[in-house]
Amino acid sequence: MLKAMLALYALLLECAAWGLFVARDSASDVLFIMFFMTHFLASASLASCMLLIVSGEVKKTSQALWALFFSVAAFMPLLGFVVVMCIAFALLRVPLFVKKTHFSALGLPLLDPRDRPGEWAFRQAGLRHFLHNDRAPLDQRLRALVTLKGAPTQCASPVLHDLLADKSDDLRLLAYGMLDSPEKRLNAQIHKWRLVWQKAVDAPSRRGAARHLSALHWELIYQGLVQGDLRRHAAESALRFLEQTPDKERDAGLHLRHGRLLQEMGRIEEAGPAYHRADSLGLPAPRVLPYLAELAFARRDFSEVLRLLKTLRAYPDQSRLQPLLRFWGIA
Amino acid sequence: MSNEENFPKAADADIALLLESTFPYISGGVSSWVNQIIQAFPEIRFAVVFLGSRRKDYGNLKYALPDNVVHVETHYLYDDLSSHGVDVVSRPGDAAVFSRVGDLHDAFRRQGAVDLSAFDEVTARMMHGRNLTLKDFLHSEQSWAFITDSYRRFCTDPSFVDYFWTVRIMHQPLWKLTDIAKNMIPVRALHAVSTGYAGLLGALLARSRGLPLILSEHGIYTKERKIDLYQSEWIRDNRNPFQKDSSELSHFQTMWIHFFEWLGRICYDSADPIIALYEKNRLRQIEDGASEERTCNIPNGVNVGRLAALRERRGEKIPPVLCLIGRVVPIKDVKTFIRAMLILANRMPVVEGWIAGPVDEDPAYARECREFAENLGLGDRLQFLGFQQIEDLMPKIGVVVLTSISEALPLVILEGFAAGVPALTTDVGACRQLVYGLDEEDRALGAGGRVVGIANPEELADAAISLLKPDNWYAAQAAGIARVEKYYSDELMFDRYRAVYMRALNHACVPGADFAPMRCPFGG
Amino acid sequence: MAGIGFELRKLLRKDTLLGLLQAYVYAGVISSGPWVLSIVGILIVGALSHAVVEPNVLVTQFQVSVTYLIASSLILTGVLQLAFTRFISDRMFEHQENLVFSNLNGAFLVTFAAAGMFGLLCAMTLFSGFGVVYRILMLSGFVMLCGIWIATILLSGLKRYLAIVVLYASAYAIVVCLALLARPWGLEGLLAGFVVGQFVLLVGVWLLIARQFHSPQFISFDFLRKGVIFPSLMVIGLLYNLGVWADKIMFWFYPDTSTAIIGPLRASLIYDLPVFMAYIFIIPGMAVFLVRIETDFVEYYDRFYDAVRSGGSLTHIENMRDEMLYAIRQGLLEIGKIQMLAVLVAMVTGPAALKALGISELYLSLFYIQTVGASLQVGLLALLNVFFYLDQRRIVLNLCALFVLGNVLFTAMTLKMGAVWYGYGYCAATFLTLFVGLYLLDHKLGRLEYETFMLQ
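Residue numbers (this note's numbering), protein chains in the order written: chain W, 1 to 331; chain A, 1001 to 1524; chain S, 2001 to 2456.
Worth flagging that the hints you see were computed from the coordinates, not collected in a lab.
Where hints are given, some of them may not hold.
Said to hold, decoys possible - Below, simulated DSS-like cross-link-like pairs (lysine-lysine); rule was C-alpha separation at most 27 angstroms, straight line:
# : chain 1 : residue 1 : chain 2 : residue 2
1 : W       : K167      : A       : K1056
2 : A       : K1280     : W       : K167
3 : W       : K149      : W       : K184
4 : W       : K149      : A       : K1223
5 : W       : K184      : A       : K1223
The structure displayed is predicted, hence computed values, not measured ones.
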């Protein structure tokens, strides 16, 4: 109601302002002043009307908004009036303030080799001997040890574990630090997922967390960061969480890990079927066969070992398995 | 009394204790030792100069200040590192001065003996604002030329911005130290309880005022900094595989290590006597540049009489409690203790593990430890007790455990011995000497517990099982008591320090006395 | 955002003469579009109206009125132009795009209110006794132009050059059409056409920004907060616009060189037209400036600061600095070369052009020297832009002050010295400022890394 009245006032006043021209000499200062007084009143009414029209968050800045509407209407006579009305219409109808998302162009990433994790395969034997040689200068041994930072953790861990008993404090401490940080990272991850697992309300997210936990515990073993009872504890945990994991029936990788864990725990009879399931779900044979051969070896079934390894010959480029095949006289 | 304005102030004092991040804000072995020493010499008026990193890193006072501490000042080296920038204007800087700074750095880079004349000249300029003020370092063109030149000649890491900030952060506190040295109240002798920044402050004071400087080193400061640096992940390495010689530490790690080595070097050069806690550390000091004739050992001691009373309060049975006494910080390797507890949980389920020590120094690590224990599902078998009074704790526990990766001569083992508790420790610092004895005669007393390798929970668990067998335990208790009474009583330590102090104070009384090396009162 | 540099580089990559030409034409149009279109539009309106509008002085009155509107609004909004653009680009850098639109409205309010008050005051005092419609149109035009400058500089800060050119072209097409239709109503008719065109332009830029940026609020005044606004930029904006107009204003009000046109508005018929014509001859220079600064220089500028921030080696940082310096040198050199050509063309075509416009050949030398001065101004603009990139506000401030001072001083001297020297004052002022600026730039860039690292 008030809106309509204010709008009416505004219109009438504006008409009156322009109407003054009919009666007056078009070059007089009196007309100028009268026109602007009437026009300003009209603009004020229009601005007030506008304030009532706009709603929601816009209202918070009502004084400034009023001033803006007023100045547009007042200082650009006629045209400003029209545009303020248009804005009112826009604010009422068009979702001006709805956030649209645009695709933005991205530059091509530069090739930055720094970010690539260094993974070099090298022979660790020489390094190991050198590190254990306590007659070698400490400086060089330290440098040799630092080299291990570039090696995958599963290769470095055994060497580092040995060095914890070294005579030199510096060497020991560096080795300790190098062992500690990957384990620290894994443990932090484990804790995070454990909380997720505990707090999970629905079965799928709980199973998802269990899947992560199983993988993380296995990673502790795989990277050689845990020994003895702790290794067994990690294996038990990994197995326990694995058994809560969903979609196990369809995921070959999980069956493989299941088998590895069972084998780790010494449950050889159960491990075999797990490997076979992984195999039947389509895991490449070179990834499963060596473990089956290992099981056969544990059963002292050497002919089976030989048979399994022979089938590996069918798969080319098994460079990592070559020494093994050579040992068994197959390659 | 946590308010710094309430600290006592005096116009002068006898001995200034230069303390870096220990007494009275941090509790722990070194702090207790400082407290012990101050209380042992009520006739000496001490000034305490505390150097910390940032004010917010420290809580309230952990010790009541004894009455003979007549003056306390606290300084925070890393506070307001970046609070400048308001009226920063370029300035030319003095080329001659920076060439002397260059001489000093060249001297540092050369191996072997050092001529510290450049050091004296440079620090005098820093101290008295003669063309080498902090502003000269931060903003002058000469300084820029110096930094870029050093970068080009020596830096193996490509990132200039990291190099630049490493240099800045490394050097900026030095001006704070020269300021402290300039404004300190008159004292008759200096006693630094570590090298590092405190040691450098000692050297600055000793060299500029001609005062005797006593250095007592508990841990080896440079070694401890190295551990921090090896484990640090905050220092960046920007080399790519083509630039990287993978046998080298990141250049910035190396820079910091050299920096701390040189702080130690300068302090060793200015201090006499240089006191270690035990022989291995003394040898290490010599290796790090201390001249042999100034070094000596004074082991820690405990108040055997007071602690002996606790033996009476022990029950009949050996409590199946392993207690790690110490601050929950990475260097104590609390996690290995937790791992060992998991192993023991399977093999000897009655055993409990306690961790007694403040958790506020490194809250992140403390949280990590709790989470780790949770992950392993240890439940009530492992308890974090927080800080505990030794008197309350000792009668309730069966074994004092230390899993540290680095220690000096830990007081808790001595306290445990005195209170009749055997020790189970890692093979670090003087632990082997404390448990098994040093020389023939000492070793004859028997083993006061067990020593195992670091970060080896299996061995730790096995040793704990063995030590908790009554026969072994009682033998260890007897050996421990005998050893601490014979070699590690506080009277012994106080006597030795009394001689050190008297020498320094008497020396200082002779006006115009040359800074001739004093003979260390004790041989190795 | 894929700015103008991106577009240009695409064109330059074509690697053919045609591609190169395309790039420069494109750059020329977008860099000098707004004011060339303004000048051409006003000239066309004038030329086409000469025969129809009687008496002829009404056309001159229209042109002078519009010139005054443009000059005064530029100088007045100079206070806000740079400071506001800087505010916007800082927010863009922080990815706070949602502040753009609401602050534009805030800036509009401030501008409209200030310009409205000022305009009203002038209309009541200076123009007392004039036609009310004329006064209303002048007031509206003034307020709109002020708004347009703010929005335009915002858009060019956002590198939306093409949009600006399209909007200006359509607005001035409307101006020309409406003015031609409204010719029968004389001065008021022409002015009304101009005002409606400006209005369309204002609404156009506003809608363009509203479409691209969305704000949770409709209006806000973050740009006025202390610590966010740079007072030095406000002074610089004012001084630069003053500097550009100082000599013109002096010629307008020096009795020997000017005549009263309408009320308080005076104009210098001998000075103004050659000046505006001279500005048309800097289009090639502006094109080169845009290509060099927005592509080469900015590329190395970005790489320099990227290397500083993300750990480049010192050699790399220095190389980027050198490349930056090289790009600036090349850019200025090329501007110099192309403007030399432009001046030659001006000399060849000058006599005919002046004859066509009915100006005495006595003012030919004034036209030449103005072309040289305007060419130097392109160089100065490029230089100031580089200083803005390096965030050397203090230097820019001093240079602008020198520019104003030099322009006022030298122009006053030439006015005293006589007609032969007209135009040399402006030329000398731009030359002096450019020379000092180049010296400072050399000094600044030589120690850019030192200042970047050590003075923080």
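Taking the hints in turn, this is what the structure says about them:
no.: 1; hint: K167/W <-> K1056/A; result: 38 angstroms, violated
no.: 2; hint: K1280/A <-> K167/W; result: 12 angstroms, holds
no.: 3; hint: K149/W <-> K184/W; result: 16 angstroms, holds
no.: 4; hint: K149/W <-> K1223/A; result: 20 angstroms, holds
no.: 5; hint: K184/W <-> K1223/A; result: 22 angstroms, holds
Of the numbered hints stated above, the single one contradicted by the structure is hint 1.
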